[in-house]
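A.B. asks: So the chains spell out like this:
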Amino acid sequence: MAEVEAMNNPYRPHLLRIAAARDETPDVRTLTLRFVDEDDGARFPGWEPGQFGEYTVFGAGECVFALANTSNGEQGTSPVLECTYRAIGKVTAALRGLDIGHVIGFRGPYGNSFPLADWHGRDLVFLGGGIGMAALRAALLSVLEHRSDFGEVLVLNGARTVVDMVYQEEMPAWEKLEGVRVVRTVDPGGETQGWDGEVGLIPEVFERQGLSTDGRIVIACGPPIMLHFLFKSLEKLGYSPQQVITTLENKMKCGFGQCGRCNVGSFYVCRDGPVVSWEQMRALPDDF
Amino acid sequence: MSKPLHVRPAPAESARVTTASGWQPDIVAMVCRWCTYAGADLAGTSRMTYPAAVRLVRFPCTGRMNPLFIIKAFENGADGVLVSGCHPGDCHYVQGNLYARRRFAIFKALMEFVGLDSRRLHFSWVSASEGSKWVNVVEEVTATVRDVGPAKPRGERSAAAFPPEEPASRAPASTEEQETLTRRLRSVAAELLGEGEASVILGYRRGTLPGQVVPGFITSREESEELVWDSHCFNNLSVYLPRLAKQDGKVGAVVKKCDAATVVGLLQEKQLNRDELLLIGVQCAGVWEGKRLAAKCHTCDGQVSSLCDVAVTPEGTSEAAVPAASDPRDAAIAYLESLSPEVRWDYWQKEFGRCIRCYACRAACPLCYCETCISEKHRPQWISPAIDETGNTAWNIIRAFHLAGRCTGCDECARACPAEIRLDLINRKLVQVVEQRFDYRAGIDTEAAPPLTEFRDDDSEEFIL
Amino acid sequence: MQKTGWRLTKSELREWLDRLLRENRRVIAPVDRDGLRYFRPVTSADEVNLDPGKTRWSPKEFLFPRTEPLYTYDLRANGPELHDPPLPEQEQVVVGVRCCDAAGLVRLDEVFLKGKVEDPLYARRRALTTIVAFACAEVEPECFCTAVGGSPMGTEGVDLLVIPFGADWLVRPVTEKGRALAQEAWKAASREAWSLAEEQGQRVAQEIARTPVAKEWAATLEQNFDSPVWKDVAGRCLSCSICAYVCPSCSCFDVHHEGNPWGGREIRCWDACTYALFTLHASGHNPRGGSDARYRQRALHKFSYLAPGEDDVIRCVGCGRCIALCPAGIDIHDAVRRVVASSQEGDAHGRG
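Chains as they are written, first to last, in this note's numbering: chain E, 1 to 288; chain V, 1 to 465; chain B, 1 to 352.
Hints are computed from structural coordinates only; laboratory data are not their basis.
Even glycine gets a Cβ: it sits at the ideal position worked out from N, Cα and C.
Treat the hints with caution; some may be incorrect.
In silico lysine to any residue, SDA-like type, Cα no more than 25 Å apart, as pairs [said to hold, decoys possible]:
{"no.": "1", "chain 1": "B", "residue 1": "Lys231", "chain 2": "B", "residue 2": "Glu216"}
{"no.": "2", "chain 1": "B", "residue 1": "Lys116", "chain 2": "E", "residue 2": "Asp27"}
{"no.": "3", "chain 1": "E", "residue 1": "Lys90", "chain 2": "V", "residue 2": "Pro380"}
{"no.": "4", "chain 1": "V", "residue 1": "Lys291", "chain 2": "V", "residue 2": "Pro210"}
{"no.": "5", "chain 1": "E", "residue 1": "Lys90", "chain 2": "E", "residue 2": "Pro10"}
{"no.": "6", "chain 1": "B", "residue 1": "Lys114", "chain 2": "B", "residue 2": "Glu140"}
{"no.": "7", "chain 1": "E", "residue 1": "Lys90", "chain 2": "B", "residue 2": "Gln92"}
{"no.": "8", "chain 1": "V", "residue 1": "Lys270", "chain 2": "E", "residue 2": "Pro10"}
{"no.": "9", "chain 1": "E", "residue 1": "Lys90", "chain 2": "B", "residue 2": "Lys114"}
{"no.": "10", "chain 1": "B", "residue 1": "Lys116", "chain 2": "E", "residue 2": "Pro223"}
{"no.": "11", "chain 1": "V", "residue 1": "Lys377", "chain 2": "E", "residue 2": "Arg43"}
{"no.": "12", "chain 1": "E", "residue 1": "Lys90", "chain 2": "B", "residue 2": "Lys116"}
{"no.": "13", "chain 1": "E", "residue 1": "Lys251", "chain 2": "B", "residue 2": "Glu216"}
{"no.": "14", "chain 1": "B", "residue 1": "Lys116", "chain 2": "B", "residue 2": "Asp84"}
{"no.": "15", "chain 1": "V", "residue 1": "Lys377", "chain 2": "B", "residue 2": "Lys114"}
Residues of chain E placed beyond 10 Å of chain B at every Cβ, according to the derived structure [stated by the list, open to error]:
{"no.": "16", "residue": "Glu62"}
{"no.": "17", "residue": "Glu249"}
{"no.": "18", "residue": "Asn250"}
{"no.": "19", "residue": "Gly260"}
{"no.": "20", "residue": "Arg271"}
{"no.": "21", "residue": "Asp286"}
{"no.": "22", "residue": "Asp287"}
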């Protein structure tokens, strides 16, 4: 057989094996993934918080999740990747059916990243609604790993009900760090007996914290309806559009700006996002 | 039929059963669990032997049979397909097989028209106690399929030269008549809108290209002046009715006789309420592309349909069109049916090969109103989005099948198709089958049940083993 | 206009095409078949249709196939084994490409070669392809190349330009790739012939009477994103994808995964922003739920949205096929013209 010419195929996924799986909620799971081929992993470039990947479930298709942990694997070693996803469609349902040891595909890292350097010395607020926390986790962990570079950190994790809250196992470790406060809240009616967290929607719970806006950066991610009301509330509180960061989400296929699908105006979520400031977002057409 | 999606590893030699005569066909048998499956089981426990050519797929009922399953079997390399279930009257679910019987008849006719050798697709009734009948059926089907040979890839055998089309027996309406109709239409629309009897009227207005007429949504008296009527009023405006009927106020629509027949279909299928509509029928002398009268117009008298609320006619300035005796589409169908299955298969594969999967056929069809089309469903993905012979053939067959007994022959699908695929012939073939077998014509009675939604105890089943 | 090149008779032109075929190249040209004219690989120069007018759809499928595998895989005991698709190997010459179609291929280059990632399949196919364009001596009713900066004799994306000239043909090399196909025996065309050809080109161009698309339209269109005129001009869109698929510059695609227990493949196939499913999220949310919102996206992508660092090049090449073939009779040039006009005072519906 003739030699097949080697191709730098941007669509060819890396092969990753599921090393661990943790159920965050009845329909949300966090996976820990390792490269099947350690050499392939050693060559992997690493990623910045905010970037995402295209995950392949062989036989079902591809879907997009944020890279939920910070880049690891010193030069020459194969990193561990984490992602958090909700089983909602064809591919994620198929993924849910896989177990530890199964092999999936991964393409990435794609997209832009959170401007962490701009946050040095500033007080930060991470607001996650539901699975929105997953998009913030890598940035949060990076901040916590370099604690002294940043000011106060407030994490406000909101969910519809108690069982729907993600990262419950991890939050105690976060609040052990100095200057880090974690507030958990559920929607009214979502509390259980003995719930000692807050009850209320994220915008009002945040308002109740009574924090000054001075130099504070708010990083928020959640369902569109939550963001809609949150931005109104932040505006009322006096935050300027440059102080608020979020991530956009759109249906994606290629992940790197070629297939033409994920644009909002001239802004391609996969190429120019997903991280976007409220200021940038306001300039986009109402097409998302 | 065509190359399988992914070639599975060839079975080990020992696993491949060969007979003295050599090649063994691959036949997929789709059987109902209550009767045929049990009958096959009985054949097995009774130690009856029969060719190991069939692979069984078990269904709850033949009524569950979706023609897509049969297409998938052929796509994946089956040389033949057998569908078998309970005898009529014995269905575990009472009537599943009675609906299936009608579906089978139409699907078999469709597949044969598209060029599948009729010896590859079989249906049978085998009961739970008929172990020996099962053996006979399998033997007969295996022998028949072996005669036909392995499913072959498409060849270039076609050189289909249709007989020249009968010229139209009449001419377009005169300019005066068209102008009269235009004037009257404008004044009717202006009045209906002015009196608030309709909040929007679907009609035709000038397009940007010379001679072009396009759909227009007219919402005011002033805009009514933009309505036109001539021999280029092609669009079947009823495609917009379900969408527009959702808004407040009645929707008016300018309809030709063929368009009104489609409105009947939409009413039958409860996509519209009669009291939401104001149908403005126009006496039509046919639609013309250059010197060619559209095939559907040859046998139409162009009179305003009795369904309409308002009639716009030239009155006294012309006579009604005299319909021709024969429909050019029927002559073309007869020609295709005179060809051998292989040549007919090659013809349709060539046609479907040009398909670019733009789904304009679906978009232009008023009766294709599914919120999510079968081609868009992905759990599972029944029809591959790949724009190649496999996906194209499956799409074109299913599109036609989903319109069986419903299509009113407006031919908008064929007119919209940028690849000039003769979709009108496939649709019309099924119109013929439905009329012959079930004495039913679509587009006439708003209270009638479309034929595939019902059955008769005495439906013919001469093709069933 | 550059005034060098050759003059061929019709038979010399056909002889040349036959020679290209003998040299083991794939030659793709307009062919009349089954009631329409479209590009197909030919086996003899006799099959080639050299008449004026466009093919039913553009030749982009010969650089950007309707469907192609991105990788295939086998499922082994220890997991999937992936295979890259074979890189294209055969040289191809696409002959009879109209100048609008050639410009459309340059738009595809922007997407597949100049984006974040260079597409290896497209890049290889592009390198193996020579574009022989045929200038237009006639204008079709839907043509508007001049309104978007093109021309019936334009050289954007062209390697070798062939100009109909009476009973003869003038041939002008635009790139070295094009020049490499020229024959030694060809006779040079006179300066006079080139001048006359240039005048012919101008006469043809003048037959197009469409409002030129001004540079400012890009910004105006985006500013009028919420204009009610979009619903006026596109409310009757039926959400098929004829426009995108016949278009020389549309390049959107779906990435689709198919598999069975033994293996499968990931393929790329044409897709269009006009379909409802294009932007439908798994959650059920659809940013472009109405056909008018989707049509607006297509129009703005063609005339307004620019990539960072991109020139203000309009993506539409003015071939007009979408206008001629749209079942709902929507005219994209007229649509954007009306939105722009409506932004001016006193013309709310943009009818002026």
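A.B. asks: Hints first: check each against the structure and report whether it holds.
C.D. replies: Status of each hint after checking the structure:
Restraint check: the Cα-Cα separation between Lys231 (chain B) and Glu216 (chain B) comes to about 22 Å, which is no more than 25 Å; the hinted pair holds. For a cut-off of 25 Å, the pair hint linking Lys116 (chain B) to Asp27 (chain E) is broken: about 35 Å separates their Cα positions. Only pairs whose Cα atoms come within 25 Å are accepted, and Lys90 (chain E) paired with Pro380 (chain V) is accepted, the gap being roughly 9 Å. With a C-alpha separation of about 16 Å, the suggested pair Lys291 (chain V) and Pro210 (chain V) falls inside the 25 Å cut-off, and the hint holds.
At most 25 Å may separate the alpha-carbon atoms for a hinted pair to count; Lys90 (chain E) and Pro10 (chain E) meet this at roughly 23 Å. For the hint pairing Lys114 (chain B) with Glu140 (chain B), the CA-to-CA distance comes to about 32 Å; that exceeds 25 Å, so the pair is violated. Among the hinted pairs, Lys90 (chain E) with Gln92 (chain B) is inconsistent with the structure: their alpha-carbon atoms are about 40 Å apart, more than 25 Å. Proximity of Lys270 (chain V) to Pro10 (chain E) is assessed by CA-CA distance (about 49 Å); at most 25 Å being required, the pair is judged violated.
Distance hint between Lys90 (chain E) and Lys114 (chain B) is unfulfilled; the C-alpha atoms sit about 33 Å from each other, more than 25 Å. Restraint check: the Cα-Cα separation between Lys116 (chain B) and Pro223 (chain E) comes to about 29 Å, which exceeds 25 Å; the hinted pair is violated. With a C-alpha separation of about 39 Å, the suggested pairing of Lys377 (chain V) with Arg43 (chain E) is violated against the 25 Å cut-off. In summary, the hint linking Lys90 (chain E) to Lys116 (chain B) is not supported, as the alpha carbons are separated by about 29 Å, beyond the 25 Å threshold.
Between Lys251 (chain E) and Glu216 (chain B) the alpha-carbon distance is near 30 Å, which puts this suggested pair outside the 25 Å criterion. Simply put, Lys116 (chain B) and Asp84 (chain B) have alpha-carbon atoms about 20 Å apart, close enough for the 25 Å limit, and the pair holds. Between Lys377 (chain V) and Lys114 (chain B) the CA atoms are separated by roughly 34 Å; this puts the pair beyond 25 Å, and the hint is violated. Taking the minimum C-beta to C-beta distance to chain B, about 6 Å, the non-interface status of Glu62 (chain E) is violated against the 10 Å cut.
Not every beta carbon of chain B lies more than 10 Å from that of Glu249 (chain E), the smallest distance being close to 8 Å; the non-interface claim is violated. With a least CB separation of 7 Å from chain B, Asn250 (chain E) falls inside the 10 Å interface cut-off, contrary to its annotation. Non-interface call for Gly260 (chain E) relative to chain B: violated, since the shortest CB-CB distance, roughly 4 Å, does not exceed 10 Å. Look at Arg271 (chain E): its CB is around 6 Å from the nearest CB on chain B, not clear of 10 Å, so calling it non-interface is violated.
A Cβ of chain B approaches the Cβ of Asp286 (chain E) within 10 Å, the least distance being about 7 Å, so the stated non-interface status is violated. Look at Asp287 (chain E): its CB is around 6 Å from the nearest CB on chain B, not clear of 10 Å, so calling it non-interface is violated.
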